[in-house]
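Student: One-letter residues, chain by chain:
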Amino acid sequence: MTDHSAADDRDLIASLIERDEAAFVGLVERYQGPLLRLALVYAGSRAIAEEIVQETWLGVLQGIENFQNRSSFKTWLFRILVNRARTRAERERRTVPFSEFGDAADAGTEALPAVAADRFVGAHEPQWADHWAVPPTAWGSSPEELLLMRETLDFVEGVIAGLPPAQREAITLRDVEGWSAEEVCNVLGISETNQRVLLHRARSRVRGALERHFDTGRP
Amino acid sequence: MTSDAEREMTCKELVELVTEYLEESLPATDRTRFDEHLTTCPFCRLYLAQMRDAIRTMGQLPEEAISPAALDALRAHFRRW
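Top line first, the protein sequences correspond to chains A and B.
Counting with our numbering, you get residues 1 to 219 for the letters of the first sequence.
Counting with our numbering, you get residues 1001 to 1081 for the letters of the second sequence.
There could be a bad hint or two in this list.
Partial pick of chain A residues on the chain B-facing surface, computed with a CB cut under 7 angstroms [unchecked claim]:
1) L36
2) D154
3) E157
4) D175
Hints were generated in silico from the structure; no laboratory data involved.
Don't be surprised by glycine CBs; every beta carbon is placed ideally from N, CA and C.
Pulled out of the complex, with its shape left as it was, chain A reads as follows (with noise of 0.2 angstroms):
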């Protein structure tokens, strides 16, 4: 997402505050994408998605008047969608419970390994234990032209896409996304560190993912 600055957003409520049009439209355009790509990882649907970001200006226009620049629009403004969505999650009791959101999510999820513990040195080999026996090998010659395929891209969405929920809003938001951890934690509802373990398992599911689909070579 193209970085933009607290101000020009600063300018373009105090015009919304104003009735104006066109700066409730440059807002929505401005956030509609990420918007849209957060409410993918609630709604069953693109049609649901579409709905969740819909009811989120709604809850923009009906509290602008009281926002009053305390705290970051976008933050306010994702915090809403977040909180819409995972409501909505629960009342429909659709495939995502809400406790597998945010911080309540931490304790119940799996913990596998980042690689698995296969392709490590037993310890019947003290010297070697814990060091690769089947390590990483090269993403082709040229990684980043495989990297940046549209069937690369089409294949990681995809991966993110079956990320257990609450791992997949911390990665979209941090990664796909590009915010910072400190967004990321006020949006969501969660510590630093429980932000940093579900980016670890949901990056490492992520390159693992990437090895498997590229190595062919591997029995």
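Position chain B against the provided structure of chain A, taking the given hints into account.
Tutor: Only chain B this time, still in chain A's reference frame:
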């Protein structure tokens, strides 16, 4: 007995600390052990490079966009606001 600070980092340990390393939240002693391990282990250097590649790739995913109809609906809401 060797203390943790002196013990060499293993590859298995490194792959679990890679995010804290990239987030710059590793304690100084672990950061040193991590860097020292990297100087002698080409596999872990590759692992770290691949992790960075994966992160960069995620940042390249195409932007999402809401439909023109949804945008129109929002404008209509605004006019009623």
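Student: Next, verify each hint and record whether it holds.
Tutor: Taking the hints in turn, this is what the structure says about them:
Proximity of L36 of chain A to chain B holds as hinted, the smallest CB-CB distance being about 4 angstroms (cut-off 7 angstroms). Taking 7 angstroms as the C-beta cut-off, the interface hint given for D154 of chain A is violated, the closest approach to chain B being about 9 angstroms. Taken as an interface hint, E157 of chain A checks out: its beta carbon lies about 6 angstroms from the nearest beta carbon of chain B, inside 7 angstroms. With its C-beta approaching chain B no nearer than about 4 angstroms, D175 of chain A sits inside the 7 angstroms limit, and its interface hint holds.
Of the numbered hints given earlier, the model fails hint 2 alone.
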